[in-house]
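S.K.: The primary structure of each chain is shown beneath.
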Amino acid sequence: MKRIWGIIFLILIVGLFLKACIMADIPEQYSDNVINADIKEIVYPAKERNVAINGIDYLQSQAPLGKFGGELVVSTIGEGPKTFNPCNTKDATSSSMAGMLYDGLVTTNPRTGEVQPLLAKSFEVNGNDYIIHLRKGIKWTDGKLITAEDVIYTYKEIVFKGLGNPSTMDAMIVDGKLPSLVQIDDYTVKFTTPRPFAPFLRQLSYPIVPKHYFKPYSDNGESVFNAFLSPNTNPKDIVSSGAFKLKEYVAAQRVVFVRNPNYYKINLENKQLPYLDKVVYLIVGDTNNEILKFEAKELDVLSIRGSNVAQYKLNEAKSDYSVYNLGADTGTLFLVINLNNRKDKNGKFYVNPIKQRWFGNRDFRAAIDWAIDRKNMVQNIASGVAEPLFTAESLNSIYLNKYIKGHPSDIEVARKSLQKAGFVLRNGKLYDNKGNRVEFDLYTNAGNLEREALGVMIKQDLEELGMKVNFKPVEFNSLVNKLTNTYDWDMAIMGLTGSPLEPHDGKNVWTSKGSLHMFNQRPANYSVDDRLSWEKDLDEIFKEGALKLLFDERKPLYDKYQTIIYNQKPIIYLYSPIRITAIRKKFKNIYPTPLSGLIYNLDEIYVE
Amino acid sequence: MEFFKYISKRILQVIPLLIIVSIISFFIIRLAPIDPLAELRLNPSISQETLDKEIKRLKLDKPIYIQYISWAKSFLKGDLGYTSAGEKVSTKLKERIPNTLLLTSIVVFMTWIVGIPLGIFAAVKKETVFDRTLTVVSSVGMAIPSFFFAILLLIFAVKTGWFPVGGLTSYNFNEFSLIGKFFDLAKHLVLPTVVLFTISLSGLQRQMRANMLEVWDSDYVKFARAKGLSEFKVIFKHALRNAINPMITLLGFEFAGLLSGAALTEYVFQYPGLGRLILEAVMKSDINLVMASLMMGTIMLILGNLIADILLMLTDPRVRGTK
Chain F
1 MKRIWGIIFL ILIVGLFLKA CIMADIPEQY SDNVINADIK EIVYPAKERN VAINGIDYLQ
61 SQAPLGKFGG ELVVSTIGEG PKTFNPCNTK DATSSSMAGM LYDGLVTTNP RTGEVQPLLA
121 KSFEVNGNDY IIHLRKGIKW TDGKLITAED VIYTYKEIVF KGLGNPSTMD AMIVDGKLPS
181 LVQIDDYTVK FTTPRPFAPF LRQLSYPIVP KHYFKPYSDN GESVFNAFLS PNTNPKDIVS
241 SGAFKLKEYV AAQRVVFVRN PNYYKINLEN KQLPYLDKVV YLIVGDTNNE ILKFEAKELD
301 VLSIRGSNVA QYKLNEAKSD YSVYNLGADT GTLFLVINLN NRKDKNGKFY VNPIKQRWFG
361 NRDFRAAIDW AIDRKNMVQN IASGVAEPLF TAESLNSIYL NKYIKGHPSD IEVARKSLQK
421 AGFVLRNGKL YDNKGNRVEF DLYTNAGNLE REALGVMIKQ DLEELGMKVN FKPVEFNSLV
481 NKLTNTYDWD MAIMGLTGSP LEPHDGKNVW TSKGSLHMFN QRPANYSVDD RLSWEKDLDE
541 IFKEGALKLL FDERKPLYDK YQTIIYNQKP IIYLYSPIRI TAIRKKFKNI YPTPLSGLIY
601 NLDEIYVE
Chain W
609 MEFFKYISKR ILQVIPLLII VSIISFFIIR LAPIDPLAEL RLNPSISQET LDKEIKRLKL
669 DKPIYIQYIS WAKSFLKGDL GYTSAGEKVS TKLKERIPNT LLLTSIVVFM TWIVGIPLGI
729 FAAVKKETVF DRTLTVVSSV GMAIPSFFFA ILLLIFAVKT GWFPVGGLTS YNFNEFSLIG
789 KFFDLAKHLV LPTVVLFTIS LSGLQRQMRA NMLEVWDSDY VKFARAKGLS EFKVIFKHAL
849 RNAINPMITL LGFEFAGLLS GAALTEYVFQ YPGLGRLILE AVMKSDINLV MASLMMGTIM
909 LILGNLIADI LLMLTDPRVR GTK
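Protein sequence lines correspond, in order, to chains F and W.
The numbering of the first sequence is the numbering used here, which starts it at 1 and goes up by one.
The numbering of the second sequence is the numbering used here, which starts it at 609 and goes up by one.
Keep in mind the hints are simulated off the structure, nothing from the lab.
From the three backbone atoms N, C-alpha and C, an ideal C-beta is built for every residue, glycine too.
If a hint is listed, it holds; no wrong ones were tucked in.
Quick look at which bits of chain F chain W covers, simulated, 3 or more residues with Cβ under 8 Å: (1) 82-92; (2) 222-234; (3) 244-253; (4) 285-292; (5) 474-482; (6) 514-526.
SDA-like, lysine to any residue: derived pairs with alpha carbons at most 20 Å apart: (7) F:K236 x W:F781; (8) W:K734 x W:V722; (9) F:K548 x F:D537; (10) F:K90 x W:L645; (11) F:K513 x F:I173; (12) F:K236 x W:E783; (13) W:K696 x F:V224; (14) W:K661 x F:A524; (15) W:K892 x F:N448; (16) W:K892 x F:T93; (17) W:K667 x F:N485; (18) F:K468 x F:V424.
Let the hints inform the model, and build the full structure from the sequences given.
M.R.: In structure tokens:
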């Protein structure tokens, strides 16, 4: 008897301990009006100006004056950088780290998205000619001047030769030709594109590297160049130009940057920026660890996801951090339908001909679009921290077609649309006009909980229409193989990251010969012209859009492409996550923007 | 002479073993439907030419057996090749091995220093309150999954702020004095060590207790007691020397676990050791890195067993006799 009492007592104690660990009940969801009411519009004072002092062309920040000193600790998820060579980065972490070290000729205005000079003092565009004037007297970290030589070297011997990561070279090729480049004087260069090519100006944001430091390596061929500036390079040897220079890299732990005393940007009192002495990137393995580190105050910035938002929002007032809503992400989640009607080498159809007739029918696709309940998805899958999406361009894109308003889900509209297409509903089961039961497979990549939940919801929504959906999460790699190689799929839930600045980057997805034209993928070297009429329109738009140089001329074209996708619905967009980020209140000069996030202006941020 | 003959025979046996292990693991990894380039393929800004270049570089266009032969050739030359991101495998391993060794050797050292005496004591004091308490504690230690225990401790660290949340060094480590550095390291090592120590201590202590109990009732212990020897002499001269043999075999396995035994705990604590590196390599099918770590694991296991056998030969005349 005594023993039993002992056990009960023990259980009670343990239970009380456990209860003590549970915090106050926190709503799991976050209603969208709270989120949207929350966008803090903080207006950035004014654009940077060029100021010449003692013959040196500085760039003057117009942000309020701050205090020098202090440090900022941020995180990067994953394995950390693979290289600090800005010309050879193939993953996001490496390119942001290398991007800290090397600036390009131009950059994107973090607020408006327009192209503005950076290492260049100014640029002129005359037709196909781009004349770039460099800043005089600005220096690399080792004290040598940054001149036209470095620009010529970077483009002629690295970019145009495709050394390192050749994607910039690929993107610069127009009609099979690269632009030409001549040096006019020590501080002026001229690029000439073979024909008008709109994305070119933005491509000039490619990092400029010091010739005297890089040349010995680039001369020794691809493999030497690829191994150059590996993370284990002695930081003291690295010659760079950015606001911060590398101090230390510790594998799987952190990357530490310190201020570059030679940086060419100054504040309103003409003192050289940056304010911060140190920027530390902690390398963390996953988001859970990131949250723990933020809680333990080891981190200063945290991007908050889904269900955690409510908790942070509730605690904001009595804490030492502010929470900022940065608006919708560039990522898009969508349902893609396979319109492929071709045969493989053995004469077998990639997609069953019965299904081809359904998927090829616009009204069938429209019915799916109307049946999908995006609002429900946002509430239940993204915990309210997302926005329904109807356009091919992401919501923060400067080319977003604002006239596409979307629609609420409406099962009646969907049913009517199916009726119009000749489908009939019998005993809750949907049949086509030849009596075939409507049944197809829906794929997504297994392990991605968000997409798996989306699949379940879409399956439910479509079963309301009487369709039979076989939801099949498969390994990411085999899904990619289906989409890009074997084409034997019906529908899939996928996501892609787009560029909010340059719609031409999506040409691989939208043009009929693109390598990611998933919804109607043609094999490489496919020569038959079997484009659908709207595919022809898309081809035309992307060809023309690249030729036009002015934003106002391009915008109507890219508006039209979004309208076509919205009307034809080969890809049905679902939602875009909203980015919510917290930063400690002691950091000032924070100007969040939907385009660039929270801490894009590291050189202006200071600690109060 | 006999001794060296034995060792060289054992080393020769390793060669076919390594070949078989490498073939099996290489083919299993490559036959798994993981495309190391899947992420590149889905990137809208990557051109076909770039993809082709990557396929060539990773030799994915060749049949598996040719891939294996070229891997084996460079492995024999001592070249571990490059990771799929283009870094040298040997440097990657060199970065991590010291960290893992630091953690695991502290843990092994502590568990043996504490576990063996505790096991002996528990056996000697069999069925007392002390023994029973120890049984309960070690059952808990054995039952609790390491990752769960690690997460509990992490939450503890966050709530109290007494310990850092994972990692091995603070970000301003290099500015500390030597003593400061020592304490910083120690502070970071406490929690992962506690996890690994608790779990391996329980097993070791139980094992030692069981071995000790086995000899405790044997005739020669009774005889030693009957001779009127002190209890201390009975335990350490007669019982322990016979009970320790299985522990030496166990020590061999511990040696093998030095590099790979802490993987899960390392992952939870974001400890910059081999575990995290290799787990991520397996996920990405980074063949050279995975193969290097598998080979390393195999060699460590064989080496551990060899060391245990040699130690056994030294301590136990019976083993020496049969060889």
